[in-house]
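S.K.: Sequence:
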Amino acid sequence: MGRLIIFSGTVGFRHTCIDATVRAIGDMAKENAIPFVATDDSTIFTEQNLNDALAVVWAHTSGTGLLDATQRSAYEGYTARGGGFAGIHAASDCERDWALFDELVGARFRSHPTKRQLQTATVTVERPDDPSVSMLPAQWRWTDEWYAFDRNPRADVEVLLTVDEGTYDPEDSSMGADHPIAWRSKVGAARTWYTSLGHEPTTYENSMIRSHLWAGISSVIADDHQLQER
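This note's numbering numbers the first residue of the sequence shown as 1 and each following residue consecutively.
Note that these hints are calculated values from the structure, not bench results. One should not assume that every hint holds.
Once the Cα atoms are required to be at most 20 Å apart in a straight line, the calculated EDC-like pairs of lysine to aspartate or glutamate come out as [said to hold, decoys possible]:
1. K186 to E145
2. K186 to D68
3. K115 to D169
4. K186 to E103
5. K186 to D164
6. K115 to D52
7. K115 to E200
8. K115 to D164
9. K186 to D129
10. K30 to D52
11. K115 to E165
12. K115 to E145
13. K186 to E76
14. K30 to E205
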């Protein structure tokens, strides 16, 4: 069996919830007997290390220049062979000059409310059949930092969750009536999954959100745990 890579590298701003995120994912990996490595060091991105990676979780990665050209090439080869991508929250705000990453993450962080950074809002499950949201109520109230994105990704992804802007004040960070906050897709052979939930460290103590994360990560692992042949 391969291993899960939990990558939390940052350039510039670093979320205070990273330790809690990595700890929660690591605990769930242990509970499911999945080997893992957690690191913020981009030297993990080599062909050899990625060869047996079940998936790469980009945990609150932020900033551009995390990976050099050789590391990006290794990761591009990995995704071309079916390697899985899972992004959490700030993952949509990293490697903005990398076209492949733009496709994998689905949309880019644009802004969030600043006067009231954390607000309680109503979240709607769009795809109740998806394992990463099937444990959630059809509509539920949640407190988080609500990201707005540079584009609505709905045309290119399967939207899993939306937030109702009528239930909080988006300030200058509105996306209108259709505001996706979690989605899944496929880019070439690679399965992708992204959630913008998870700004606060206490998020990762919530059993419902932990299940959301683990099911999302699990959904991008190849069925047979094997990458395609080169």
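S.K.: So if I understand the rule, the pair passes when the alpha-carbon distance is 20 Å or less; does K115 with E165 pass?
M.R.: 15 Å, holds
S.K.: Against the 20 Å threshold, does the CA-CA distance of K115 and D52 hold or violate the hint?
M.R.: 45 Å, violated
S.K.: Is the straight-line distance between the alpha-carbon of K115 and that of E145 20 Å or less?
M.R.: Holds - the C-alpha atoms of E145 and K115 are around 11 Å apart, at most 20 Å.
S.K.: Decide if the proposed pair is consistent with the structure: K186 and E103, CA atoms, cutoff 20 Å inclusive.
M.R.: Between K186 and E103 the Cα gap is close to 9 Å, so the pair holds against 20 Å.
S.K.: What's the verdict on K30 and D52, does the C-alpha distance respect the 20 Å limit or exceed it?
M.R.: 17 Å, holds
S.K.: What's the verdict on K186 and D68, does the C-alpha distance respect the 20 Å limit or exceed it?
M.R.: Measuring from Cα to Cα gives roughly 24 Å; hence the hint is violated.
S.K.: Could you grab the alpha-carbon distance between K186 and D129 and see if it respects the 20 Å cut-off?
M.R.: Since the Cα atoms of K186 and D129 sit roughly 17 Å apart, the hinted pair holds (cutoff 20 Å).
S.K.: Please verify whether K186 and D164 have alpha carbons no more than 20 Å apart.
M.R.: The hint is violated at about 26 Å.
S.K.: Just to be careful, I want the Cα atoms of K115 and E200 compared with a cutoff of 20 Å; is the pair within it?
M.R.: Within the cut-off at roughly 17 Å; holds.
S.K.: Are K186 and E76 close enough, with their CA atoms no more than 20 Å apart?
M.R.: 14 Å, holds
S.K.: With a cut-off of 20 Å on the C-alpha distance, tell me whether K30 and E205 pass.
M.R.: Holds: K30 and E205 sit about 16 Å apart, inside 20 Å.
S.K.: With the threshold set at 20 Å, check whether the alpha-carbon distance from K186 to E145 stays at or below it.
M.R.: 26 Å, violated
Consistency note: the structure conflicts with the earlier hints numbered 1, 2, 5 and 6.
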